[in-house]
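Listed here are the chains, written in short residue letters.
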Amino acid sequence: MAAISSRAAQAATFRLVMWGFTLMTVFPFGLLLLTSLKSKQDLFRGAFVLPDRPHFENYVSAWVDGHFGVYFWNSVIVVIPVVGIGVLLGLLTGFAFAFLSFPFKKTLFVMLTLGMMVPGEAYIIPLYYEMRWLGLLNTYAALILPQIAMSVPFATLFMASAMQQLPRDILEAARIDGAPRGMILRKVILPLMGPAISSLGLFLFIWTWNEFLIPLVLVNDDALRTMPLGMLFFQGRYTVNIPVLTAGAVIVIFPIIIVYLIFQRKFIEGLTAGASK
Amino acid sequence: MGQLDFRAITKFFGHHEVIRPTDLSIADGEFTVFVGPSGCGKSTMLRMIAGLEEISSGELLIDGRVVNDTAPVDRGIAMVFQSYALYPHMTVFENIAFPLRVSKLPEAEIRRRVEEAAAILKLTERLSHKPAALSGGQRQRVAIGRAIVREPAVFLFDEPLSNLDAALRAEMRVELTRLHARLGATMVYVTHDQVEAMTMADRIVVLRGGVVEQTGSPLELFHRPANRFVAGFLGNPNMNFLPATATACGPGGVTVDLAAGGSAELPVDGTAQPGEALELGIRPDELKLGQGALRFAVLPDVVEQLGNQSVVHGSLENGQPICAVVTGGFGLKPGQPAEFGFDPGAAHLFREDGTALPRRIDLARLSAA
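Protein chains in written order, with our numbering: chain H, 76 to 352; chain C, 5 to 373.
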């Protein structure tokens, strides 16, 4: 009896702690959303006071006056090729590292790992000169190409690791059945990599969507700015109008939350893939 | 055709030699079983035949053609894995059809072959299902179907029944034997289960530590094992080994004194010096309750009743452990001594180095009986 009540107390404590963490995470977002729906007058009445009605005009103001419409589509134009090509390249290079033998495989693997460790600030200046030399400054290419390159090391390691978790027998069966490498990748591996592809796509989406340094340095035309950069300049212009500012912030984070909710299940599956049979 | 020849084949993993130089021939149409304890190299041998492991030295010939550097698909083999290795996202039909699609066969031919294999394996009703919806036995049949449609010269089975429960394993054993009779193809089968080896094989290859200990028919290996390891590995429960000393050697065989008491002349070939330390091997089912030329008292400590038989685990007077399987024996009780005996003609004799003094037994007559 004592053991049962001790276990119940433990479970209750655990739940309490988890609820605490959940509230700590959700609360700022809730407050942000609430503020974005208030008028300036509502805001002066207190941070936690509910508005008399939801002020959606804050969003219209951010979207139109704050150019978030432009920034949003710029982010979409950048994120789609980066995620698409990043995942595709990750599949190909991951397959190579997982299953093929080639010269300097270990050295290349170490180089990729190192590539992930180098911060963007370390190579942003050479990258700027490179882009200038190529005549790509102030173009979408300046936003897309470096981010694809930056995503390849992680995508490779992630995919190689996920592919190595696949049952070895299935791949050997495909070899004995006579399937060439490309066919094994397309017909056998790819259909089994759904969770891993979703997870990688989500990671790349979040990183690319939130990328700040590359657009800041390589683009100075407002028509090419992405959401986080737009937010910075928007902040300067609308510092006094907190509700419109928070509406802009919601527009920035909203797509990430939507994408995460869509892929949530597969994302968790991907993270735990291979943890148990 | 499906003749296999190993010529001085070895396999190293790093500096570790897992297969010692091996010469072996497997005849066309033969059902050969590689059997041995875990880590003996049986799966490595199979994987070398399949082309999934490189051969470190020596030559592997299939139908007289050296295939060391030949891709698995070009060797004329098909393999069934322990884990079934089905493609989980494909239906049963697509799983079986996969090798045919790789070969770019016409759709009508693919359909004909898949349906034929499904009929043989009783999978016709399951062709549209995914592997996850099948039982273990059905999954293994799909894996076999995928092998059959390729019409290979050699089938390779890597412990295909290990993941099945006992009843299904017995059923699948019979099905595989029927399949072999029907197809007449060469089959190489790896298992650590001696019952599978004994019941299915035309020929058994017993391996230990990367060395072929003995090859031969199941009856040959069971009744005339080449050494103590083979004698102990085949047969369930294991053979009893009793310390003995040679006292004489004559035309009738070798006379020994058992350490547990008693003396007998065993009809074996070969000679032993008087005073030479030997081991007498006797299978549990050759021990008879209250019968036999050589008798001794056994003190049972566990008696397992199987309904028609009793398995007795106990010890001799000198403390030597012993196991007997007797018909009936329902009156046997733990702690109550009983007299057991055996016929010297049923016993095996081994030297100290483990090699057997071959029993004088007419295997041809045994096979015909």
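One or more hints might be untrue.
[What the hints assert, rightly or not] Derived pair list, reagent style BS3-like, types lysine-lysine, alpha-carbon separation capped at 27 Å:
#1 C:K134 to H:K262
#2 C:K337 to C:K292
#3 C:K337 to H:K262
#4 H:K180 to H:K115
#5 C:K108 to C:K134
#6 C:K126 to C:K108
[Said to hold, decoys possible] Sample of chain H residues at the chain C side, in silico, Cβ under 7 Å:
#7 D140
#8 E247
#9 A248
#10 R250
#11 I251
#12 G253
#13 I259
#14 V263
#15 P270
#16 D296
#17 P303
No wet-lab data here; the hints were simulated from the structure. Backbone N, C-alpha and C define an ideal beta-carbon position, used for all residues, glycine too.
Tested hints:
no. : hint             : verdict
1   : C:K134 to H:K262 : holds (15 Å)
2   : C:K337 to C:K292 : holds (16 Å)
3   : C:K337 to H:K262 : violated (63 Å)
4   : H:K180 to H:K115 : violated (60 Å)
5   : C:K108 to C:K134 : holds (23 Å)
6   : C:K126 to C:K108 : holds (26 Å)
7   : D140             : violated (50 Å)
8   : E247             : holds (5 Å)
9   : A248             : holds (4 Å)
10  : R250             : holds (5 Å)
11  : I251             : holds (5 Å)
12  : G253             : holds (3 Å)
13  : I259             : violated (10 Å)
14  : V263             : holds (6 Å)
15  : P270             : violated (13 Å)
16  : D296             : violated (46 Å)
17  : P303             : violated (38 Å)
Going down the numbered hints, you'll see the structure goes against 3, 4, 7, 13, 15, 16, 17, while the others check out.
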